Structure formats: structure tokens, C-alpha cells
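In terms of my numbering, the sequence shown is residues 208 to 1197.
Please keep in mind that the hints were generated in silico from the structure rather than gathered at the bench.
Among these hints, one or two may not hold up.
[Unchecked claim] With a Cα cut of at most 25 Å, we get these calculated SDA-like pairs of lysine to any residue:
id, residue 1, residue 2
1, 906, 569
2, 643, 807
3, 860, 474
4, 476, 563
5, 777, 742
6, 667, 800
7, 377, 685
8, 1035, 689
9, 533, 990
10, 471, 493
11, 560, 474
12, 717, 742
13, 973, 957
14, 954, 641
15, 803, 782
16, 546, 1028
17, 712, 486
18, 490, 1087
19, 740, 777
20, 350, 713
21, 906, 924
22, 803, 943
23, 647, 964
24, 807, 634
25, 377, 1023
26, 647, 665
27, 643, 825
28, 798, 654
29, 810, 1030
30, 515, 564
31, 968, 990
32, 515, 569
Fair warning: this is a prediction, and the values are worked out from it, not measured in the lab.
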Amino acid sequence: MLLTRKTSATASTSTGLLNSLSRGLDGQRRAIPTMDRRLFLRRSGLGLGAGLAATQLSLVQRNAQAAETAAPAAGPGAKVEVKRTICGHCSVGCAVDAVVENGVWVRQEPVFDSPINLGAHCAKGAALREHGAGEHRLRTPMKLVNGKYQKISWDVALTEISAKMLELKKQSGPDSVFIVGSSKHNNEQAYLLRKWVSMWGSNNCDHQARICHSTTVAGVANTWGYGAMTNSYNDMRNSRAAMYIGSNAAEAHPVSMLHMLHAKENGCKMIVVDPRFTRTAAKADDYVRIRSGSDIPFVFGLIYHIFKNGWEDKQYIHDRVFGMDKVREEIMAKWTPDKVLEACGVDEATCYKVAKTLADNRPSTVVWCMGQTQHTTGNAVVRASCILQLVLGNVGVSGGGTNIFRGHDNVQGATDVGPNPDSLPGYYGLAEGAWKHFAKIWDVDFEWIKKQYAPGMLTKPGMTVSRWIDGVLEKNELIDQDSNLRGLFFWGHAPNSQTRGLEMKKAMDKLDLLVVVDPFPSATAAMAAMPGKAEELNPNRAVYLLPACTQFETSGSCTASNRSLQWREKVIEPLWESRTDHMIMYQLAQKLGFDKELMKSGKLVAGKGGMMEPEPESLLREINRGLWTIGYTGQSPERLKAHMRNMNVFDVKTLRAKGGIDKETGYKLDGDYFGLPWPCYGTPELKHPGSPNLYDTSKHVMEGGGNFRANFGVERDGVSLLAEDGSHSKGSAITTGYPEFDHLLLKKLGWWNDLTEAEMKLAEGKNWKTDLSGGIQRVAMAHGCHPFGNAKARAVVWNFPDPIPQHREALFSTRPDLIAKYPTHDDKKSFWRLPTLYKSVQDKNIDIGKTYPLIMSSGRLVEYEGGGEETRSNRWLAELQQHMFVEINPATANDRGIRDGEDVWVTTPTGAKLTVRALVTERVDRDTVWLPFHFSGRWQGVDLLQHYPEGAAPIVRGEAVNTATTYGYDSVTMMQETKTTVCQIAKATV
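Generate coordinates for the entire structure from the input sequences, incorporating the hints supplied.
What follows is the structure in C-alpha cells.
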């Protein structure tokens, strides 16, 4: 569909792509016998979210034909290239073809051949080309001097920052600096950052997943093995029923709805459960309104009816689930219909109807997002949803599973391989054995790594991004490390996405060093520059802004929610004075003295201005060499690039390639699943196809099949944790449950000699996760066995605070009667290095509803993403949503004399006051208000424009809801509570 003439100046790699995008527009040349969505869109030209008008379509067709003979608009000799990339917003993974003319990004097209987005865009995806201009970008390094940002050179910035870091390390140790990474980094950058922080000598690092899906990762992984989406957006086409609970996909993941709406056309029953009537709810067959934070009572209310009516999958539970008898006993006793109604507001008839719909229409799937995760009970909420799917036998089947929609474009990948405070890449943990594994991968001495850390800190999990504020402000004697935090990097992170904004400002002012590395200055720049209380400002504080490239100015891989990896081509050269994140990491490492160790196992190439930087392909190969745990070993750069060039061969429903040979390399794509969704076990040469649906016993392991992971031992209290006889993946030589594979198991089975001599040397004394040869995995799979074993999923997670999920009221609740019945946890003296409060906060605020009677919740808009600085700086998106607002029910508004469109004050127990516009709507009930979380740039009624670097302020500025949010953290992961707090609203007076 691209209106680009093929010329001799066009890159050869683009020619086939141009042909591909043109096909379907000239029906006389090529007959297309079928008319599915992909082909319809390709033929009609309806690429953008709302489509093109008929007259525009006619113009497109004429121009497409004319492009074969006419010279390009830029004139003879123009260099026109097409670069394939991935949208940088949500986690769906929509492919985009960027047209670059003489180095300038001039236009874009959605990729019709992509099995994921099928030629569709949402508003944000349609506006990607604005990155090619970067009018509101951070253009040069800057330093805060006397309250104003001044330009400085890169050399000055790097020299001063590194000198300050070394000073802090000498005075207070390496743990005095906290690094907040980014879910916007590609896999290679996220991996390199965790390596970088490790060689600095600290585990004090984290990224956005902590505050969006950390409870998912922990809860799901501890239920059945891997903390990720089990199936895919595409596989939802095979669902007969789908329950969205805490997910507003129509706004947060718009293109994913293509697949759900197709499923609905085939009879899928769609249920939406949410405190708010969302755009997703508008598409549902049934909408159920629950009280915010009451997901567990509702889900257990469904399970009550399933058990009562005998709808559970008894054989599945017997063969593949541990502890369900205890769960059943508790639910039937505690969550009778009257108790469910009292706790969540849903009556018996509604619960029965939803339960019957899911039971009668199997396979059924459950979708959730931050509506379930961002609670003090988030880990328990997601496990309740997992239990529901286990009861119905819906896990490990096409059309079933738990389809967990992640937020950022690479939040899944950054979680898998990036800067987590409690694990090394691939979730390897922090035990010395894990460090020794990576010492081999990095080709450095383990003792050298150990010496970079303060004594005893190598194996201690770091703080979390959700609590860095307390790392700065908490009394030193209460912190489980030598020093408070004194330095902070926001390396692609929005501060307004975090709770407790007022205290964050205090913490920023107290720091010795604050560094922002970002394409945009972010709200951090304005917050740091705006005046606070003079007595709270550290007079020695240094604040720096470093301009980083976007993902369109570099190359690398990113992982979508469904665990598929896609390779981005570099679209344009870095704009202004920006540098790639991996170049900045390397240049800081040079200043800090560990650049040789950082890149000993990798390759450097010339980047911007001839400066050296790590090669993304080299970094991915390093990932391939070491991350056996989650199967990031088979996705070589070559395989991923072949997939990107040949998207048309992958089936939309199954994601599997039907034939296909990559013309550039000769690689045979047949049988691969698109993007090689992890786990993709073994070496790339083994050609594992990827795993489209986790734990699927109907397929051979070398066809993407599997079973539940044996990650929790082989027995508990004398009861086996392994799968029962006859429960195994297709073709397995072992037809019962078995533990994870190691060198001893291979020898006991008589399979040791299946290894090559070279593999034997590396596999001796190792297990499937630490054998760098890949031999243990190869031999296990050759016998049809899964390397990680064959066990039962855990309905009872004995290592969590609540082994069976318990409903607990939010710390700030408007229901003191329910607090008495469902109190929160006791306070924790030391948790992720910090004291963490639960019961003391709840008890102190037992009657908070008298002063703040409204439940305050927050969420996404389709026009913006994340903290919003990037999307609110995009003129096309800014035009669509110009004001921060609060949704308030008509009755609630009338009681306060508020009319639609008027300004109001939103106040909370923190003392914060937000001025926003009232959107009077029945989307929310009388007791609930809702605000979007993408805004910043105003602070309690004051515009912060003057505190941004000149020319780099976002077009739209508004109050950040998290300026006003309250204290509260999950009892396992330290997830922040954003969905259930309290507020009061009053009409704003002049």
C-alpha cells in the first residue's frame, strides 16, 4: 500500500517489502480468493484506526498504480527506504513500516502482513511518525543551576555524574545509588543495564514492571511455573468465553480487541468485570460492576457456584493440581453468596450466571491488567484468577489460559532479562550459584564481581522502585543497608506513575545526585526544578538531564505480552544530541572503570559520530548463551529478522508458519511460531519453534507443548507435587510426573551417553538451567520430556503470606465494617530492605470514610500511555485529549453542586489538592470516582511550564493523580496501591 516508487536508490532489502505492501491494491494483477480481515484491509487500504474515507481510498489506489511509473515526489535520486519497526506503546506488538526519505521519516503504514495487528493501528500507533521530528524532545545534556536548566556538553555531563557516583560509593557504598531502568528499553539494553548495575556493585535497581505487573509475575509463577501470559492475543480467537476483570483493553490495548471481536463473531461470550463501565464493557455480553478491591470475593463467588454444581474439571484437578481440596473447603465455608454480596456488591444470580457461562463455554479465558494487580493484595488477587482457571481445566489449552495484558512495549522483556532487584536476567535469583553462572557468560571472575558489592550484599535483594522514596527519607537505623539512598537514576521512567507524589518531591530535594536519562525531560525535570521547602533542599544536590534516543533511533528486540520477540530495524539516526541508551551505559562504564568487564563477552561497533557502542545483535547472542531458565536461548537475531521479513507466512489463529523460506538467508520458517514465544529451548540450531500456549500437554515439547513446571520440590507434607500417571506432554518417554532435569537424572535414565563429548564436559554437575552447552535440554526434549519437569500447579502457595488467597480490605477503605472482618496484614519490620506498614496505617484510618467518602481509582486512556510525557508531547494525540479530568457520578456531582465541565478540587488524606475538570457520567457509581494517570505538569493548581527545559515541555499538562495517592504496598512484591484509595471532591471556586 506504500505510495513509493521502486528506484535504484531504494535499499535492496526494502524492495520485497514494497511489493508486499502494494499487493492487494491492484486486483487485476493478482487474484485474492479469500477475504479475511488481513486481506480485506490490505485490499481496501483501511490501515489506520478509524480507516480512510471512500474518496481517500480511491486516491490511494490511483497513486499506488501511478507509483510504478512516476518519479517520487522528492525527485530523481532520492533515497527511499522502508524500515520495519514495532510500536513503542502498549504490549500488543503492532508492526509498523516507516518510510524514510533521505534520512527523514516521512510517513508510516501499519503492516498488513503482521499476524498480530493485521494492518491496524490505535491512535497512538497512528501517531508514531511524530518521533521523527521530536519537537518537544530533550535535545542536549543539561544541568540544573539556580533553578534553571542550562546546556552542558556530553563530556562534562558524563565526567561530573561519574565523579559524583564514585564519591557517593566511597562515602556510603554502592547501594547508596538506585537505578530505575525502563520497560521502554529493548531486551538488549535492559539486559545490559542489569549487567551494568551488577558491575557497579548493587542490586538496587528496578523498572516499571514493579508498579504494573510484579504481582502477576510472582503470583502466576508461584502457581504453575512461569510468570507470564499463558496464551496470546491471537489465541483468544479460539475462546468460547472470555472474562475481562480489571482490564480495559479497548483503551489500554486497543488492537488486541481485533481478536476478541473476531471471537465474538464466532460465538464467544464476553464478560467484563470492573468498578467502572469502560469502553471494553460496552462491547461485552455481560457487564458486572464490583466494588474496587473486591476481586477475590467475586472470583471465589464464581468458584463457589462451580463447585456447588459440580462444574469443575475433576480429572484435570486430580492429575495436574495440588491443594485444590483445601481451597474448595475454604471457599464453600467462607464465600457463600451472602458474604460475596456484602464484600463486592454482586448478587447470587449474577455470580451464578457468570460462573455458568464460563463453565458451559469451555475453553474460556480470563484477562486481567492493573485492575487486579495494583493492590496491597495483588498477589492474592491474581492467584484467585489462576485458581478459577485451574478449577475449570482451562490452563494449557488453546482458547483458555490467563491472558495477562502487559503495559509497555517491552515490559515483558525488561522483566525477563532486565534490572530486577531480586534476580539476575532470566529470573536466576541472587544465590552465589546464579552469580557464578553469569560470571561465565560475562567472562569475568566471580570473585571480581563479589568485590564490587558491599560485604553481605551480593545475594540480598535490593529496594524496589515503588519505595525509593522511603530509601531516601526513612530513618537510617530502620533500613537494611548501610546508607540511605543518596543518588537516583530515572533511566526512562515517569515519576508521576508512582504513588505518594508529595513525599516524592521531598525525596528528590534530599538527594545528592539525580540523573534523568530519557528522550523527554519527563515530569522529573519539572518536579526537581520547582521550589520546595527551603529547609528540605540538599544544597549540594546535582541534577542532570541526558537526552537518550527513542527505540526508533536504534535496533534491537522487544517482547510482546504473548512472549513473542520481534526485531526492530533502526528507522532514523539519533536526533539532536541524543545517544542510544547502550552507548550511554558504555560511556559511563568507561568513566566508572568497568568498561572492559562490561563488554568482555560482547562486541563494540561504531555508533553516532563514530563513537563506540555495544552491538545489539551481540547482546542478544549473549542472552541466547545464558538464559536457559525461560528459553531465551533459541531466538537468535537471524531467526527473529527472518520472521520480521516473512510475516505473511504465519497463521493468524495459531501464529504458526505454514511453509516459507527466507530469501535472504535460506532459513526455513515452516513450523516456527511467530516471534519464537519463550520458552524457545535449546540453541538456535536446535530450531525449537517456540511455545504459543504454555503447559499444553496436547503437543510434543518440540512442537511447543509442555506441562506444569517442577519448581517447588517433589513433595509437600508427604503428598507428591508431581503430575499423576498418564499426565504428560505428547510423546514423552516418561508417562508420569518427573522432577526437573539435571546431570544426575540423565544418568539415572541412561540418557547421559546421548550427549556429545563436548556437551558432557560442560553438563557435568549442572542442571537444565546452568548447562551452557544446552545438551541437557536437547537430550530431554529428544525423549519428549520437558527440561523443567512435569509437576502439578499449586492452588496452595505455602511460601506466600496467604497460602490460600484472602480478601483483605484496602488500607484506606470506606467500609470499617469490612475492615473488622477482613483486616490487612501486620506491619513488617524489614521487607525489601525497608519497614513496611499495613495494620498500623489501616487502624489509624479506620474512619477515614467520614472525611473522604469516595473511592478513588485510576487507569488508562486510549490517547496517552504511561506517565504521558511522550504522548502528551505529540501534537496529534494532544489534540484528542486536552484536559485532566475526574469521572464522577451525576448524583454525587449534584450533591456537591458540580456540573459537567466545571473545575473541581480532589483532596486526599495525604494533604494533596488536585484541580481537574469534572466529567459527570454514570460510568462510575455514586461511591467511586476515576481519574486517568497519564498527566503531569501541574502541581496542586500551579502550571509547571517554567520549570521544564526551554522548548521541552509537553503540549498538554495536567495534575498527576499520583500526587494525591496514598500509602500501600503488596505483601509479596511491593506493588503500589493505586486502584483503591479515598478522596473528597468539591467545586473549585475562583
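Results of checking the hints against the structure:
no. : hint       : result
1   : 906 - 569  : 19 Å, holds
2   : 643 - 807  : 16 Å, holds
3   : 860 - 474  : 16 Å, holds
4   : 476 - 563  : 11 Å, holds
5   : 777 - 742  : 47 Å, violated
6   : 667 - 800  : 24 Å, holds
7   : 377 - 685  : 22 Å, holds
8   : 1035 - 689 : 19 Å, holds
9   : 533 - 990  : 35 Å, violated
10  : 471 - 493  : 13 Å, holds
11  : 560 - 474  : 17 Å, holds
12  : 717 - 742  : 10 Å, holds
13  : 973 - 957  : 16 Å, holds
14  : 954 - 641  : 23 Å, holds
15  : 803 - 782  : 28 Å, violated
16  : 546 - 1028 : 11 Å, holds
17  : 712 - 486  : 34 Å, violated
18  : 490 - 1087 : 22 Å, holds
19  : 740 - 777  : 45 Å, violated
20  : 350 - 713  : 20 Å, holds
21  : 906 - 924  : 32 Å, violated
22  : 803 - 943  : 49 Å, violated
23  : 647 - 964  : 20 Å, holds
24  : 807 - 634  : 23 Å, holds
25  : 377 - 1023 : 50 Å, violated
26  : 647 - 665  : 17 Å, holds
27  : 643 - 825  : 21 Å, holds
28  : 798 - 654  : 22 Å, holds
29  : 810 - 1030 : 54 Å, violated
30  : 515 - 564  : 15 Å, holds
31  : 968 - 990  : 21 Å, holds
32  : 515 - 569  : 18 Å, holds
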